[in-house]
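Listed below are the residues making up each chain.
Number of protein chains: 8
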Amino acid sequence: MTATPLPRVGIVMGSQSDWPTMQATADTLTGLGIPFEARVLSAHRTPDETAQWAATARERGIRVLIAAAGGAAALPGAIAAKTTLPVIGVPMEGWALKGLDALLSMVQMPPGIPVGTVSIGKPGATNAALYAAAILAVSDEAVAQALDAYRAKRAQQILDNPDPSKAG
Amino acid sequence: MTATPLPRVGIVMGSQSDWPTMQATADTLTGLGIPFEARVLSAHRTPDETAQWAATARERGIRVLIAAAGGAAALPGAIAAKTTLPVIGVPMEGWALKGLDALLSMVQMPPGIPVGTVSIGKPGATNAALYAAAILAVSDEAVAQALDAYRAKRAQQILDNPDPSKAG
Amino acid sequence: MTATPLPRVGIVMGSQSDWPTMQATADTLTGLGIPFEARVLSAHRTPDETAQWAATARERGIRVLIAAAGGAAALPGAIAAKTTLPVIGVPMEGWALKGLDALLSMVQMPPGIPVGTVSIGKPGATNAALYAAAILAVSDEAVAQALDAYRAKRAQQILDNPDPSKAG
Amino acid sequence: MTATPLPRVGIVMGSQSDWPTMQATADTLTGLGIPFEARVLSAHRTPDETAQWAATARERGIRVLIAAAGGAAALPGAIAAKTTLPVIGVPMEGWALKGLDALLSMVQMPPGIPVGTVSIGKPGATNAALYAAAILAVSDEAVAQALDAYRAKRAQQILDNPDPSKAG
Amino acid sequence: MTATPLPRVGIVMGSQSDWPTMQATADTLTGLGIPFEARVLSAHRTPDETAQWAATARERGIRVLIAAAGGAAALPGAIAAKTTLPVIGVPMEGWALKGLDALLSMVQMPPGIPVGTVSIGKPGATNAALYAAAILAVSDEAVAQALDAYRAKRAQQILDNPDPSKAG
Amino acid sequence: MTATPLPRVGIVMGSQSDWPTMQATADTLTGLGIPFEARVLSAHRTPDETAQWAATARERGIRVLIAAAGGAAALPGAIAAKTTLPVIGVPMEGWALKGLDALLSMVQMPPGIPVGTVSIGKPGATNAALYAAAILAVSDEAVAQALDAYRAKRAQQILDNPDPSKAG
Amino acid sequence: MTATPLPRVGIVMGSQSDWPTMQATADTLTGLGIPFEARVLSAHRTPDETAQWAATARERGIRVLIAAAGGAAALPGAIAAKTTLPVIGVPMEGWALKGLDALLSMVQMPPGIPVGTVSIGKPGATNAALYAAAILAVSDEAVAQALDAYRAKRAQQILDNPDPSKAG
Amino acid sequence: MTATPLPRVGIVMGSQSDWPTMQATADTLTGLGIPFEARVLSAHRTPDETAQWAATARERGIRVLIAAAGGAAALPGAIAAKTTLPVIGVPMEGWALKGLDALLSMVQMPPGIPVGTVSIGKPGATNAALYAAAILAVSDEAVAQALDAYRAKRAQQILDNPDPSKAG
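Residue numbers (the working numbering), protein chains in the order written: chain G, 1 to 168; chain S, 1001 to 1168; chain W, 2001 to 2168; chain C, 3001 to 3168; chain A, 4001 to 4168; chain F, 5001 to 5168; chain Y, 6001 to 6168; chain B, 7001 to 7168.
Hints are supplied without guarantee of correctness; some may be wrong.
[Said to hold, decoys possible] Using 27 Å as the maximum straight-line C-alpha spacing, the simulated DSS-like pairs for lysine-lysine come out as follows: (1) W:Lys2166 - G:Lys122; (2) C:Lys3122 - S:Lys1166; (3) W:Lys2153 - G:Lys122; (4) B:Lys7122 - B:Lys7153; (5) A:Lys4122 - Y:Lys6166; (6) Y:Lys6166 - G:Lys122; (7) C:Lys3122 - F:Lys5122; (8) B:Lys7122 - F:Lys5166; (9) B:Lys7122 - S:Lys1122; (10) C:Lys3122 - S:Lys1122; (11) F:Lys5122 - B:Lys7122; (12) C:Lys3166 - F:Lys5122.
[Claimed, not checked] Stretches of chain A that chain W covers, calculated by requiring three or more beta carbons in the stretch to come under 8 Å of a beta carbon on chain W: (13) 4092-4102; (14) 4116-4126; (15) 4146-4159.
Honestly, the hints are just simulated from the structure, not real lab data. Glycine included, each C-beta is placed from N, C-alpha and C at the ideal position.
Start from the sequences and build out the full structure, keeping to the hints where you can.
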């Protein structure tokens, strides 16, 4: 999944089964021209490799981390504990409580180690990419322009189809 | 907090502020004659020391671990990720959502790494000690007898005061 | 369902309809080489037989109990009331509130009688077996080794398939 | 708490601490002229005495049972499992989740053994008495008249004080 | 739906679409030999007819009322406001919040007018019939015996199929 | 509470204890120069008078109804069932579930009879008055201007105190 | 979607995907003879056009606004911030939390700017139209009569099919 | 509240009453040496000024925005709609639902416009500052070092006080 230039965003998910949702993150980053790497790693089943991946992310060129998990959803927090890079959490929907558990497990971080949490499920997967782009855009004019273009295009799609009774 | 004999239970909590609740765990273990150690450690602020404490618990003589945390409450899971000793989670109540966040963050562990979660707050703090005792009692007759005695005494207290209108 | 050697774990569920979920408990125990017995019993419809089954579990060689139930989910607590063996509760998902009712009914036990509750539904069914194994492993080296091997294998599966975009 | 005539309602609560709430049940029954008995018994700590109390209620003259409990709140269901007398459940409020746990633990009974659940806390304590009266009134004209009078008086209190800005 | 003898239970539901669930109430009453009548009436769309039906229930021979509704679920309370007969509420599941809204709308009645609420959806539909039977059995020996037989049969079904791995 | 001119808004609340919250409705209407009447009436304890009050509201000159209730909170719906005047519901906070029960009981009305529900508690009490004003302003220019002035003043208060660290 | 006469109701939804639900609003308004316009606009993706549409609604002849949105559901509030016309909010169901998020995001408006919120999903879509009609009916006799007729017809449908066991 | 150097973070809150919570944001930023500005602005009561403040933030030198709000909590989304700067949302606790409403209103943003949401209440206020610092640290070495130092100090505080029974 790694694009050839140095990745600037690291995506990690707790299970292979999160990929159908998180593909929206990858696709959105690709659309914005932002190279990334993507990994499956578990805070609970592979804690050392997870810690290692997070701790070395900055030196691999990564500037923002996106972590997806369901249920107890400790992954974003475990990542955030090992780096000061900004970590974006995406709560997965595919558990009994439909992502409410994952949302609370991600967002309710104790003072000291934040996780910026986005929407549950696929809307969150897209938004995680856009949020990563916004963070990179603080110091990267090209990303800022790509983000502006993305937004303008989405707004125009709405304005071009004002009448809901005529399915686009 | 360490009693002189080799501790058999390890208690860990995410914050000093959890102690007023978790003192019920310590008191109940003491009442059952079970030596323990107690530590403050944070899954997010001191991840390496937390992992180290969990990973070495078995060789320190510990046989059961009790972890208390509030909010995102990753501590029991982080402990469980580094040991195969049974881990008991106690959700702390002192956050906006009154422990529902901590409960879900603890109990909804992914398949592979369980946490046995008990009641929110002080009832859970007492029950964590009793559950640790029940685990030890599988192979320790003295603990089994102490647990039987504890239960019998509690039951008798109820039976001795059958009339609710006469406050004990 | 009873394996020929003396069962060491007793599985009980409130309804035959819980079996498709709880089969994961049975399969995981079998994989770990832990003999068990499994029964359908209801805290509400067969209270005496349930009490009797729990009260005699220890003398049948059982060392850990696993109880699955949905809705009001009184079964684990009813079992725990009649034995000091550790009881693991598995909340079933197949009710209107998707297991939140069963979770709260199991985990919020009053001080005195704990139930160690695991995840809702199938993740919990697997984890109940692993938790039972962890409890047995406190005093049984063979189970401890089987559990270590189980964990290592699961971790390796993740590490062998690091790229989520290449479906395993 | 037992009035001298044969009690017709049995009130049971899981803890002495439920009495300040459940006193409203006792007071309302007294006001309606319905004799009752009241007991503290725990489904988990005194399961045999609880079962015995329920199983013998009918022969003691009792025709309706009221059970109050908090948290896992198994008491009404445990009572209902041992008698076919109608059981009214009152969820107690004094736990972290403010009675939502007790409500779900009581109301979500499996098919076969119902509990008629009323409001959380003090409104429920009053209503449990009124519901017991309604059940007795099916075959007892005196209770039916007392209930009619109670209702009429409460309605009149509202109609006599129509203006909310003039505190009664 | 009216059986020929004088109905003793009145079933009312807020919508024709509740019938597939509430048929379990009708079937269970029929199995117990209890005559009933069943109506569709809405607390909000036909308030006068609803009030009239409730107010005249007692004189039609009815002794217990069962009301099913979803969402705001005012029907049981509206019925209870017009009669002192015991009212059993059954929360319907088929709304966005899966019956949690209906449950709270039914159970949280203000002091003065109780509704005995049972489980959400089909388990509640069966239990409403059994609860009505328990209420009638207070003064009707035949119903008491039918209820005892029903319970014994259900218990035996469980005891006859103890092994969950052998699907009945 | 009735101002001398013909009331244009009718406020009803289920209990005298709702008045401390609902006084904000009265004060806001007074501030906007809108005459109103206020009553305590209960959907469950005084159903006939409640129905009567609602059914005759239009002929008393009332054009909008505001109904406050807690818990099962059937009052707004009961009012709406008896009039086609717009009904605004205000969920009261003072119950165990902090108004979530009242919110769901009001807002989840079945298709056919709407209630326009506003915020829980005091914010909702103020907003109910403003919403009533907005409804009247559809055909009343004076109210429209009063509402514009109210909004402008509130906005100016914010703009006049831009610095949060300097408490106003 | 615009009917030829001047629209009196403006319907806005945050996404084209809300139309299958909101078609019930359009159909109900059409049935009542109330002309309307319908637009897709996003509070977040097209904030300026949304503000503009709301700010100019009154001068386009519109007297009531209906806004549908899911998730964070800011649309009704954003509309209400730019007009004093009454705004009706319809929470969409098609997100992970089944509309509970949208409900809270709409209804919990701060004091100063109300949104009258109706039921989640399709029941709310129908009710939004009826509520808009009730608001218009305050000053429009023709709409008042159409609304009366609508209600009478719906009530008659229920009264014509009293027996739930005979599917209509 | 503006420090003399060009502010790099903009803090906005919906009400003066949010300041006692959000002071933790200001204090934490000050401790990290990050200049900021703080404003009270309302998405609903001052929508134009809010939009203007957000739209001009980048040109005022601001690189990250922090928005606090309670209840419907539209403020972070309204800000995010007008800028591509990263927006951090802090749900306020002081409403009936204890911040759950604000959390859902912030985090469940539709695809296209993300808000990175942090913990409810004071823990979130501190974490918002740390998250802003992490974002700035992507391209600012001094902030990165300040953040490292902050974390190390907090970790050391825990490690220096390992024994929970000895209150620090």
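Taking the hints in turn, this is what the structure says about them:
1. Simply put, Lys2166 of chain W and Lys122 of chain G have alpha-carbon atoms about 19 Å apart, close enough for the 27 Å limit, and the pair holds.
2. Under the criterion of a C-alpha separation no larger than 27 Å, the hint pairing Lys3122 of chain C with Lys1166 of chain S is consistent with the structure, at around 19 Å.
3. Note on Lys2153 of chain W and Lys122 of chain G: the hinted pairing is violated, with a Cα-Cα distance of about 31 Å set against a maximum of 27 Å.
4. Restraint check for Lys7122 of chain B and Lys7153 of chain B: satisfied, since their Cα atoms lie roughly 20 Å apart, inside the 27 Å limit.
5. Note on Lys4122 of chain A and Lys6166 of chain Y: the hinted pairing holds, with a Cα-Cα distance of about 19 Å set against a maximum of 27 Å.
6. The straight-line distance between the Cα atoms of Lys6166 of chain Y and Lys122 of chain G is roughly 43 Å, outside the 27 Å bound, and the hint therefore fails.
7. Annotation: proposed proximity of Lys3122 of chain C to Lys5122 of chain F holds, straight-line Cα distance about 23 Å (limit 27 Å).
8. Between Lys7122 of chain B and Lys5166 of chain F, the direct Cα distance comes to roughly 19 Å. Compliance with the 27 Å bound is thereby established for this hinted pair.
9. About 23 Å separates the Cα atoms of Lys7122 of chain B and Lys1122 of chain S, which keeps this hinted pair within 27 Å; it holds.
10. The suggested pairing of Lys3122 of chain C with Lys1122 of chain S holds, with an alpha-carbon distance near 23 Å, which does not exceed 27 Å.
11. Distance hint between Lys5122 of chain F and Lys7122 of chain B is fulfilled; the C-alpha atoms sit about 23 Å from each other, no more than 27 Å.
12. Taking the CA atoms of Lys3166 of chain C and Lys5122 of chain F, the gap is near 19 Å; set against the 27 Å cutoff, the hint holds.
13. Residue count for the region 4092-4102 of chain A with a Cβ under 8 Å from a Cβ of chain W: 4. That meets the three needed, and the coverage hint holds.
14. With 4 residues having a Cβ less than 8 Å from any Cβ of chain W, the region 4116-4126 of chain A passes the three-residue criterion, so the hint holds.
15. With 5 residues having a beta carbon nearer than 8 Å to a beta carbon of chain W, the region 4146-4159 of chain A meets the requirement of three or more and the stated coverage holds.
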